[in-house]
Amino acid sequence: MSINLLNPFIKFASAGATVWYGNRGCFFGGASGGGSTLHNTIDYVSIDTTGNATDFGDTLSAINHTSSRGASNATRGIIAGGNTGSKTNAMQYITFASTGNSTDFGDLNTTVAGMAGCSDATRGIFAGGDTGSGLSNVIDYVTIDTTGNATDFGDLTVARGYFAGFNSDTRGVFAGGSTGSNSNVIDYVTIDTAGNATDFGDLQQARRNTRGASNTTRGVIAGGCT
Amino acid sequence: MASVTTIGYVTIDTTGNATDFGDLNIATSGGCTVDNNSRCVYGGGYTSGFTNAISYFEIDTTGNSSDFGDLTVARADIGGCSGD
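For the protein sequence lines, the chains are U and E, in the order given. Reading the first sequence from the start, the letters are residues 1 to 226 in the working numbering. Reading the second sequence from the start, the letters are residues 1 to 84 in the working numbering.
Among these hints, one or two may not hold up.
Claimed, not checked - What follows is a set of in silico ranges between Cβ atoms, one per label pair, in the way DEER data are often shown:
hint	chain 1	residue 1	chain 2	residue 2	range
1	U	Asn-101	E	Asp-20	26 to 32 Å
2	U	Ser-36	E	Thr-62	20 to 26 Å
3	E	Asn-17	U	Gly-33	33 to 39 Å
4	U	Gly-148	E	Ser-66	39 to 45 Å
5	U	Gly-134	E	Asn-17	25 to 31 Å
Claimed, not checked - Where chain U lies over chain E, by a calculated footprint (3+ residues, C-beta under 8 Å):
hint	region
6	6–19
7	26–33
8	41–55
9	66–80
Keep in mind the hints are simulated off the structure, nothing from the lab. The C-beta atom is built at its ideal place from N, Cα and C for all residues, glycine as well.
Modelling step: build the complete structure from the supplied sequences, incorporating the hints.
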């Protein structure tokens with residue numbers, strides 16, 4: 001592993017794959033007012049400073065429970081699925097450097113909310129979620145630089161939604177969630193190889209609505225409810 | 001539903017159970033995390049109500065989160081990603 005001295009947010013793996021860690025963090029949609037008021041807000045922060053968020057633009061429509069973590073490379077960020085009053089299979093993207101509204105990317109294979117996402121700089125993966133008629137184990141993937149519909153990747157070890165995703169430059173990891181009850185499951189995939197997820201280990205406590213973040217070696221799983 | 005402050009961590013390229021990292025400064029669920037290669041920023045979510053609070057911590061250390069600032073709108077069940 002080596003660090004790009006021109007931009008410390010890119011790390012190059014020995015095999016040549018990259019994962020992008022940008023400095024603009026964007027927050028998409030959400031709900032308030034007892035959960036019934038949906039928002040189309042996209043706001044952003046500069047991660048390496050502190051301060052209040054700034055308006056970026058709007059999502060395609062007011063939405064909550066998009067993928068808890070999106071997929072991104074240096075220029076583009078994608079979020080998938082969600083609830084707009086009903087579940088949606090829409091994926092939407094933004095260009096980080098240009099504030100503005102999100103744009104349609106394509107469709108997931110499943111109409112679903114509460115997915116988890118992860119990515120390397122090439123491929124974005126969206127997993128699981130709540131279809132409204134049950135919890136899903138489906139994993140889809142997209143090529144971040146190319147708009148279009150998602151392709152089947154494989155299955156999670158346990159169908160679940162409302163959980164965390166994060167990644168290194170080779171591995172995508174999914175943690176916690178709801179299986180109908182709270183889950184402590186952690187499972188993982190190899191991002192550039194389609195296939196089913198493999199058991200990784202357990203969270204300290206079973207919880208849902210938890211969130212993930214990572215650098216190239218460590219993944220963190222924060223908050224949630226029990 | 002009880003929101004928690006728990007932060008755990010794993011070493012991604014191995015397998016194993018999560019280890020205690022520290023605590024969010026407010027028990028929160030359904031917020032959103034964004035990261036660069038060193039810092040995790042956690043924004044919004046549900047505490048005892050919908051919050052606009054943003055906190056952060058350094059991924060390579062362990063410890064509790066610190067105040068970062070506020071989202072433009074208090075809300076939960078947010079998605080997020082980061083780039084440049």
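Evaluation of the provided hints:
1. Asn-101/U with Asp-20/E: 26 to 32 Å: Because 40 Å falls outside the window, the suggested range is violated.
2. Ser-36/U with Thr-62/E: 20 to 26 Å: Because 38 Å falls outside the window, the suggested range is violated.
3. Asn-17/E with Gly-33/U: 33 to 39 Å: Distance hint for Asn-17/E, Gly-33/U holds at roughly 38 Å.
4. Gly-148/U with Ser-66/E: 39 to 45 Å: holds (41 Å)
5. Gly-134/U with Asn-17/E: 25 to 31 Å: holds (28 Å)
6. 6–19: Coverage by chain U holds for the region 6–19 of chain E (13 residues, Cβ < 8 Å).
7. 26–33: As far as the region 26–33 of chain E goes, the hint holds, because 7 residues have Cβ atoms under 8 Å from chain U.
8. 41–55: holds (count 8)
9. 66–80: holds (count 14)
This entry does not satisfy hints 1, 2, going by the numbered hints stated previously.
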